[in-house]
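Participant: Sequence:
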Amino acid sequence: MFRPKARRVLDLYARTFDGVALGKDEYVISADEKTSIQARCRCHPTLAPGRARAMRVNHTYGRGGALAYLAAYDVHAAKVFGRTEPTTGITPFMNLVAQVMTQEPYASAKRVFWIVDNGSSHRGKKAADRLTAPFPNAVMVHTPEHASWLNQIEIYFSVVQRKAVSPNDFTDLTQVGDRLRAFEDRYNATAQPFQWKFTTSDLDDLLARLDRHTADRQEESSLRLAA
441 MFRPKARRVL DLYARTFDGV ALGKDEYVIS ADEKTSIQAR CRCHPTLAPG
491 RARAMRVNHT YGRGGALAYL AAYDVHAAKV FGRTEPTTGI TPFMNLVAQV
541 MTQEPYASAK RVFWIVDNGS SHRGKKAADR LTAPFPNAVM VHTPEHASWL
591 NQIEIYFSVV QRKAVSPNDF TDLTQVGDRL RAFEDRYNAT AQPFQWKFTT
641 SDLDDLLARL DRHTADRQEE SSLRLAA
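In terms of our numbering, the sequence shown opens at residue 441 and continues consecutively.
None of these hints come from the bench; they were simulated from the model.
Just so you know, even glycine gets a beta-carbon here, dropped at the ideal spot from N, CA and C.
Treat the hints with caution; some may be incorrect.
Below, a list of computed lysine to aspartate or glutamate pairs in the DMTMM-like style, where the Cα atoms sit at most 20 angstroms apart [claimed, not checked]:
{"no.": "1", "residue 1": "K519", "residue 2": "D625"}
{"no.": "2", "residue 1": "K445", "residue 2": "D625"}
{"no.": "3", "residue 1": "K637", "residue 2": "D451"}
{"no.": "4", "residue 1": "K519", "residue 2": "D569"}
{"no.": "5", "residue 1": "K565", "residue 2": "D642"}
{"no.": "6", "residue 1": "K637", "residue 2": "D569"}
{"no.": "7", "residue 1": "K637", "residue 2": "D514"}
{"no.": "8", "residue 1": "K550", "residue 2": "D451"}
Listed next, with one range per pair, are the computed distances between beta-carbon atoms [what the hints assert, rightly or not]:
{"no.": "9", "residue 1": "A622", "residue 2": "G529", "range": "22 to 32 angstroms"}
{"no.": "10", "residue 1": "A454", "residue 2": "S598", "range": "18 to 28 angstroms"}
{"no.": "11", "residue 1": "A587", "residue 2": "A517", "range": "16 to 26 angstroms"}
{"no.": "12", "residue 1": "T475", "residue 2": "A631", "range": "17 to 27 angstroms"}
{"no.": "13", "residue 1": "S641", "residue 2": "H516", "range": "25 to 35 angstroms"}
{"no.": "14", "residue 1": "A629", "residue 2": "E544", "range": "12 to 22 angstroms"}
{"no.": "15", "residue 1": "K637", "residue 2": "K464", "range": "17 to 27 angstroms"}
{"no.": "16", "residue 1": "D651", "residue 2": "A547", "range": "42 to 52 angstroms"}
The task is simple: from the sequences and hints, build the whole structure.
Facilitator: See the structure below:
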């Protein structure tokens, strides 16, 4: 099941679905949750890097709580829709869906494909049915198991971690939320779509190499047992 699921995701990045090119009124959304972003108030101020000096971050801190950051990324428009919630779960994820699907151009789109991993908030057919019940033009597409790296939202989250969250030095959760929203606004004003280069051909080459490697290992094991 890995190959057909992965191919479906990669085809959507290339703006095709089931062998048919997507229309101008069809969109691809990559979505997930970044869990437990903590507010850590450092006991001594963080020192910015200077000439011949790395950034200095005090290792002692007070805990100010944690929140979840949920985000949906329009793959071809490089636009992010984000929200903070006390925790992850079905309701927070559906709040994110509603945030996106109730605004244009998604509300009146022919189809909006939602690429998600297999996390508990959006796993399986029940999650797909939950999505289409209020939004019939939404189509849930799951990545293969253990393949969240195929989900472009993970690239955005890595940018958020490096540019907005690290070093984790916040007085409270309000400051965390403000930082995330400010970063999101700046990102949407300046970002370009990711230059995604892993294609279905690359996938086939990778799987073929893995098959050859597995066959070679099995052959080596059989030879050792026969010796």
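Participant: Does each hint fit the structure? Answer for all of them.
Facilitator: Results of checking the hints against the structure:
1. K519 x D625: 10 angstroms, holds
2. K445 x D625: Distance of about 32 angstroms is beyond 20 angstroms: violated.
3. K637 x D451: Measuring from Cα to Cα gives roughly 12 angstroms; hence the hint holds.
4. K519 x D569: 25 angstroms, violated
5. K565 x D642: Violated, at about 29 angstroms.
6. K637 x D569: Roughly 31 angstroms separates the two Cα atoms, so the pair is violated.
7. K637 x D514: It holds: about 17 angstroms lies between the C-alpha atoms, which stays within 20 angstroms.
8. K550 x D451: 18 angstroms, holds
9. A622 x G529: 22 to 32 angstroms: Once the Cβ atoms are compared, 26 angstroms apart, the range 22 to 32 angstroms for G529 and A622 holds.
10. A454 x S598: 18 to 28 angstroms: 22 angstroms, holds
11. A587 x A517: 16 to 26 angstroms: 24 angstroms, holds
12. T475 x A631: 17 to 27 angstroms: 23 angstroms, holds
13. S641 x H516: 25 to 35 angstroms: At roughly 20 angstroms between Cβ atoms, H516 and S641 fall outside 25 to 35 angstroms, so the hint is violated.
14. A629 x E544: 12 to 22 angstroms: 19 angstroms, holds
15. K637 x K464: 17 to 27 angstroms: 24 angstroms, holds
16. D651 x A547: 42 to 52 angstroms: 44 angstroms, holds
Violated hints, in rising order: 2, 4, 5, 6 and 13; the structure is consistent with all others.
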